[in-house]
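Q: Can you build the whole structure from these sequences, using the hints too?
With the first letter of the sequence shown counted as 1, position 27 gets the number 27 in full-length UniProt numbering; the numbers rise by one all the way through.
Derived by calculation from the structure, the hints in this document are not laboratory data. All C-beta atoms, glycine included, are put in the ideal place defined by N, C-alpha and C. Errors might be hidden in some of the hints.
Said to hold, decoys possible - Mimicking DMTMM-like on lysine to aspartate or glutamate, the simulated pairs with C-alpha atoms at most 25 angstroms apart in a straight line are:
id	residue 1	residue 2
1	Lys380	Asp357
2	Lys336	Glu387
3	Lys380	Asp355
4	Lys336	Glu184
5	Lys336	Asp187
6	Lys380	Asp395
7	Lys336	Asp502
8	Lys336	Asp207
9	Lys336	Glu190
10	Lys336	Asp487
11	Lys336	Asp180
12	Lys336	Glu121
13	Lys380	Asp487
As the list claims (entries may be wrong) - Have a look at the derived ranges for each label pair, beta carbon to beta carbon:
id	residue 1	residue 2	range
14	Phe227	Pro280	20 to 26 angstroms
15	Arg521	Ser232	53 to 59 angstroms
16	Ser65	Ala388	52 to 58 angstroms
17	Pro514	Asn256	56 to 62 angstroms
18	Ser226	Pro412	49 to 55 angstroms
19	Gln415	Ala388	33 to 39 angstroms
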Amino acid sequence: MFSRSIKAALVAAMCLAGPVPAAASELGAAIVGGIIGGAIVHGANKPKKRYYKSTSSRRTSGVSSAQREENRMTQTALNYFGFNAGGADGVMGSRSRAAVSQYQAHMGWPATGHIQSHEREMLHSFYSRAQVGGPEVVKAMQRNPQGVRGLLTAWRDERMGITGSRSGTGYAGLPMEVSDVVDEIADSSEPSAEQLLQRAGFIQMADLNADGRNDYVIDTSVTGSSFWCGQSQCAVMVFASGPNGYARNDFRYARNAQLTNTASPAMFQCHQAVCSMDDPGSGGDVQMAAAPAPAPSVPIAPPVAATPAPATSLAALPMAGAAPADQPSLASYCSKVSLLTTSNGGYVTAASMTDPDLALSEQFCLTRTYAIAQGEEMVKAVQGMTEAQVEAQCDSFGPALAPYIEMLSDTPAAQVVPQVQKFVLGANMTVEQLQGTGAICLYTGYRRDKMDVALGAALLLTGAGQTPYAELVGHHLVQGFGVERSDAQAEGWYELALSALDGGATPVFVPGQPERAELLRAALSGESAGLTPVPAPQTTALPSFSLK
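A: Now the structure itself:
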């Protein structure tokens, strides 16, 4: 019924639309009948709307106003942490109870669907703490596979006095200890963490202690930072796996006269978590006497995620490759925006906004992070396909939707959307399949920094009835990622998304923060000096905003 009604509405909206510049049926064939299509439990798990005829008699719910307000707070907090409780109406219906069950299961409690007082208190407390923001919240959203949801267990353990329980993975499946050092190096050098991870030789993997698990070698010679690598010596860190996690070993190796030598796993021998180095340049074992910003090793639980087979370079990890030389990197841009957000003590709000450009940049990167987190969960529901196969199918979004992407910079949103809707009607998939496929391909596009895939998916989702995704198209046009910049055309896409939210459309990004709409409006109305241009690739200059 939902599919028919949406398609009927699209047909009515496009009676006067022009010719379709691309064959949508080709996309349906290319995406294996919809990935992704019937394989996703997306549509099946979506609760059906029920309509009831009201009568003239009115009965009270028996719920006090105070209880209803507490329920609203609970629903808002659940939504913020990614447990979909629906609208915060103060009524703990079936959707809210399902969200409570998910929250309870995540925290390791019995999943009854009925929240206990201590569970509610912890949820409300952690939500309030997250709203304050700060570096730990920003970092969790940027790199933790669970996003802000990972804060729940971390803060629970902190409250209970449990230490050494930082199990999990960081950047691209790396152990948290390794990811922490990547951040440490990035904070004191110009390349962002994402850029460092893309540099060949920065991280190398090998089983150094013969325990069947990957160990990691971080070579700072590729950072270009004199803080870590000078004319005579370079710092190198080895993370060896032990019974309680990964231990950090710090060394320095001698540079040759040409400054061309680098570290390799063959230089190290490890027994459990303790390593030594045989430096060919110095003729012996050189332990690092004073590492920059040393961090003591804390035994922690090993990551539970499966690790790729041992390799000699980071290229074997399932992570995004380097962006083409002539394309700016959104991942790198968001890393710099994240540093600004951290230095400012949290996200810009409508009340605190002094720089509309920064506010829009923060919201762009926030929606990117949310789309990645949401899509990652959906990929787990895809049956019979590996992630690499899903990515290969999603790559067809670029060519299939390229004609519409080309229209964005000089064609109003009101004219582009009907064309995309005609494309949707011609695809060999149901609307539900298109929406599920679009959300997954949005995730793979952003995760791999492939703007044609991400922007094509955003357009498809907008045309398939999820109009709030139009916000992403506006962000791309404002910042110039994957499309030529056009502030004038961006305004139409922002207005399309905001009007849909005003009309009762379900928010697709951070549903627990309805104030985002007000912030976007304030930022758009406050643009007078123009938007900050995207920094050109392969340049040593920082973005036009100042990093402190």
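Q: To test your reading of the hints: which numbers does this structure violate?
A: Going through the list in order, the structure violates hints 1, 2, 3, 7, 8, 12 and 13 and respects the others.
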